[in-house]
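K.L.:
Based on the provided sequences and hints, a complete structural model is requested.
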Amino acid sequence: MEEILTPNDYYPDVPFSFATLEDNVIFWGFIIPGRRIWLDMCSFLFLHQLFHLGCGRAHAFQQSYGVYLSYYLSDNIFPEASPIDFALIGGLNFSIAMLSAPVVTIIARKYSTKLPMLLGLGFLATGYISASFSERIWQLYLSQGILVGFGVGFIYIPSIVIVSQWFDKKRSLANGISAAGSGIGGLIKISHAWALRLTAILSCSVLFIATMLIRNRNDAIRPSERGFDIKLLRRLDVVLLLSWAFISMLGYIALLFSLPDYARSMGLSDAQATTINAILNLGTAVGRPLIGIISDKFGRIEVAGLLTCACGISCFAIWLPAISYGVLILFACVSGAIFGAFWVTIGPLCVEVTGLEELQSTLSLSWTVIVLPTTCKLSKREYSSNLRLI
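Residues in the sequence shown are numbered from 1 upward in steps of one, following the working numbering.
Among the hints, erroneous ones may be present.
DEER-style ranges, computed between Cβ atoms [stated by the list, open to error]:
1. R235 to N76: 46 to 56 Å
2. D237 to P79: 49 to 59 Å
3. L306 to I77: 40 to 50 Å
4. L240 to S269: 40 to 50 Å
5. S82 to M212: 37 to 47 Å
6. G355 to I209: 30 to 40 Å
7. I201 to G326: 35 to 45 Å
8. A310 to L118: 32 to 42 Å
9. S82 to F133: 17 to 27 Å
10. I323 to L240: 33 to 43 Å
11. G299 to V239: 18 to 28 Å
Hints are computed from structural coordinates only; laboratory data are not their basis. Note that beta-carbon positions come from the ideal geometry of N, C-alpha and C, so glycine has one too.
P.N.:
Here is the structure:
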């Protein structure tokens, strides 16, 4: 078999090379198969956008699940449900998706990337349509919680490795651009009644196109087929990476799903709370590509660590002392730009630590580790402005 070259085989001071990797060309750190790679990246951007498009809420804005959670708590749609129920339903979207990672990784490696993504498409559409007709809380658990969770996992897990496979020097930038779709999806306006149903319709159309366009490089990279490689846990660098993932997601979930309800507990109106969440999403859309650029220039591990610390400091310095609408707006701008650094950097960081061959196995470990923190949420005590972690 013909040897597959990598960007490291070329002179680093040559920005463009007509030497090919099968049908690929090296250009400024990009491994470009004609124009196909940009279809892959645009497809992944659609995947990110649609995941968050379905987690929005009613009234005026389709935001993230944080506003959706606030809507459930304030409108009493399911009288028998407690705040913990609604918080856990949102947590299941993340935790079940992450828990399915080892199985999804094995299916994608043995068969194809498209097979689990198509299965996830069915889970996602069925879950959202079922949720739109739910009348009891247990039905919402099964539909918007479990089915949607499996849908997200079966689509997101096999697709996240694609961008990292096709990019080398600009890997973080590419992941940042694709991840920016999550912030865009959170800004789209739509009514509550059709939020879940339209998400299912969009999933059946746009996600199908995105799935068909995506192509991996498994034949060239030959990654490990193990969906859960325990041997990696013997390495200190892997343990440190997983520890960072756990801590990052614990803070990420607390911020993402509690900020709108926290704003209401301060006496702000529904319109002001949704505006704060919209700015948080806008900051995400703008900040993630910038995080990618900075990471490629100054180091992926260093930037990820600094941004994690910066986000934590902003919570203590801006969020906790906040007593006005303007301060919360400032916090939404600052935190929105940096608090999603995990999703931009986790793929490139796994490559930095274990290499492309072990990328899928390392990501599976990462997804499993963050199951617990993504299941946790902040819920508001009845008749109290205090928030508690559940």
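K.L.:
With reference to the structure, classify each hint as holding or not holding.
P.N.:
To see whether the hints hold, each was checked on the structure:
1. R235 to N76: 46 to 56 Å: Roughly 50 Å apart at Cβ, these two residues keep to the hinted range, so it holds.
2. D237 to P79: 49 to 59 Å: Holds, at about 50 Å.
3. L306 to I77: 40 to 50 Å: For I77 against L306, whose Cβ atoms are near 42 Å apart, the range 40 to 50 Å holds.
4. L240 to S269: 40 to 50 Å: Holds: the Cβ-Cβ distance is about 44 Å, inside 40 to 50 Å.
5. S82 to M212: 37 to 47 Å: holds, 42 Å
6. G355 to I209: 30 to 40 Å: holds, 31 Å
7. I201 to G326: 35 to 45 Å: holds, 39 Å
8. A310 to L118: 32 to 42 Å: Because 39 Å falls inside the window, the suggested range holds.
9. S82 to F133: 17 to 27 Å: With Cβ atoms ~22 Å apart, the hint holds.
10. I323 to L240: 33 to 43 Å: Roughly 38 Å apart at Cβ, these two residues keep to the hinted range, so it holds.
11. G299 to V239: 18 to 28 Å: Given range 18 to 28 Å: holds, Cβ gap about 20 Å.
When held up to the earlier numbered hints, the structure conflicts with none and fits them all.
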